[in-house]
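Put chain B on the given structure of chain A with help from the hints.
For reference, the chains in residue letters:
Number of protein chains: 2
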Amino acid sequence: MLNKIFKAIEESDKIVIMRHVSPDLDALGSQFGLKRAIEVKFPEKTVLAVGEKSEGLSWLGELDEIDDTTFDDALIVALDTANLDRLSLYKEETTRNRKLLAKIDHHPDNEPFGDLSYVDTNASSVSEIIAQFIFDYLEMDASSASSLYAGIVGDTGRFLFNSVTEHTFEIAARLKSYGVETFEINQRISEIDIKIAKFYGYIYDNLDIDETGVSHVVVTQEAMAQFGISYEETNAIMGIFGTIKQIKTWAVFIEKSEKQGGGFRARIRSKRIAINQVAMRHSGGGHPFASGANAKDLEEINEIVEELKIVVKEG
Amino acid sequence: MLNKIFKAIEESDKIVIMRHVSPDLDALGSQFGLKRAIEVKFPEKTVLAVGEKSEGLSWLGELDEIDDTTFDDALIVALDTANLDRLSLYKEETTRNRKLLAKIDHHPDNEPFGDLSYVDTNASSVSEIIAQFIFDYLEMDASSASSLYAGIVGDTGRFLFNSVTEHTFEIAARLKSYGVETFEINQRISEIDIKIAKFYGYIYDNLDIDETGVSHVVVTQEAMAQFGISYEETNAIMGIFGTIKQIKTWAVFIEKSEKQGGGFRARIRSKRIAINQVAMRHSGGGHPFASGANAKDLEEINEIVEELKIVVKEG
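Chains as they are written, first to last, in the numbering used here: chain A, 1 to 315; chain B, 1 to 315.
For the record, the hints were derived by calculation from the structure and aren't laboratory data.
Copies of the same chain look alike in the list, so a pair counts if it works inside one copy or between any two.
Only pairs whose alpha carbons sit at most 30 Å apart, straight line, appear in this in silico DSBU-like list of lysine-lysine:
1. Lys53 x Lys271
2. Lys195 x Lys309
3. Lys7 x Lys91
4. Lys256 x Lys309
5. Lys245 x Lys313
6. Lys53 x Lys245
7. Lys313 x Lys198
8. Lys271 x Lys198
9. Lys313 x Lys195
Computed from a prediction, not measured in an experiment: that's the story for all the values here.
Excised from the complex, chain A in its bound form (with noise of 0.2 Å):
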């Protein structure tokens, strides 16, 4: 299927390559790191990076502006986007015209889209899918392989997750060969604000353990607010409980606005006991180790914690 792709490419003079909305390191790393490489071995064909901006994430490069004709006759290449709808500007009447709508991605399949499309869910990272592709058939330098670095890190929690595979580091490795400044990449990467800094303090002081392995910790509006962090923001501590030795499973409950509707949002994680039905019963679910859930007021969390507890106890 790559070498279809890849053939769609070398016959298009036009190439838009898009990603999912709220983009992360190996959305961004992989779209750029893409349209470098076709740049470099086709400098007369034109390549648009297309897709809402991130703020954080602006040092890995620029993004193209679109008009009413930038996806006419285009070869639309999406990349890390499981279902059309999470496709970051894209619509179904600007994109009428275009030549042909192509897929790469790494997770499940369930809605699949496009003319062509791979989908290896055995890669850690889009942006390993992509290093391979370039190898295979484009010309990879410095700046592509940059992002690409960039994007695997971003998906693996720097070489931490089980998605790695022997694949993956050998990518790396020859990503690195052509000059990529990886602990520079990795400490822009790791690097975090002084007030998250002064919020993690928060969180490390006030989460509690019981005797069973269970955590958790409440953020109200009220704690946001004083730290000056974004209701997206506190996704930054959900790493934290998982690093600690007697955390089993473990529960962060972010009080809601009263736009949001109030109530609060439960994020459950568990090192290695299953947690997601749990999370079925409080109007959420998700992953076996990775779920979300809603609480309606400080009852519904006790509830929730004691869930846990006993899930954790039987397991």
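Chain B in isolation, oriented as in the chain A frame:
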């Protein structure tokens, strides 16, 4: 030289593998990885891993006991140890009847020792060197590969530092292919005790940053007692500061006990501006970006902080 060291292994009935005092992941990982690989290739030989124990790292493997005859006729292989003084459990008098002493290291070879010596300062870790040595001359299996992977992760901060090269990733790929449970190992390495986590909270709460980007924190004997933290365990906090965007240079002052002579030990770090000249002015020294010094009282702490501010302003 490595072929000569292999020849020496081949020609010895007894091989004693040693490494430095206060062993870290690289010291122990390379030690157990090499021991295992010799045993797999040469089941008839006696292979011992010798050195003081490390409580926190006992999961890496079991060390062998020594007696008066342990070193007689033995090939000693000293790993990850720059000078003989730091070789754990090594004594001139007990090793007098050894066959040969071989050194394999990646530190600058300022005090050479050994009948055979291989030093590669470009290697990220001794585990990286030993992995290549095993691929070339011995036999790799899952157990060796896991030990060596842990060693590489330990000495590179999980592929973070500047010391990581294309070869480091290539070795990681080959080790992974032996079925190394990289996620489990990473998890184990990065896990901290809840008392350290609570101490992290204290540090995040108390660290300040001035307008130049200098951050410092004073850890008193009282605070260490409150969190149940030993002098050695205060090392765990040094990485916190480097992840905060606004911090350029930082100093942690640990109050010494009366037994330790009182006053404060200063650990000074910097992202990009050399700070060792400040350390040298306060009975210390070290690398440009990582130095140690001493302050006799709060007044000298203030002096050090003020001098760091000047260095940062000028840098």
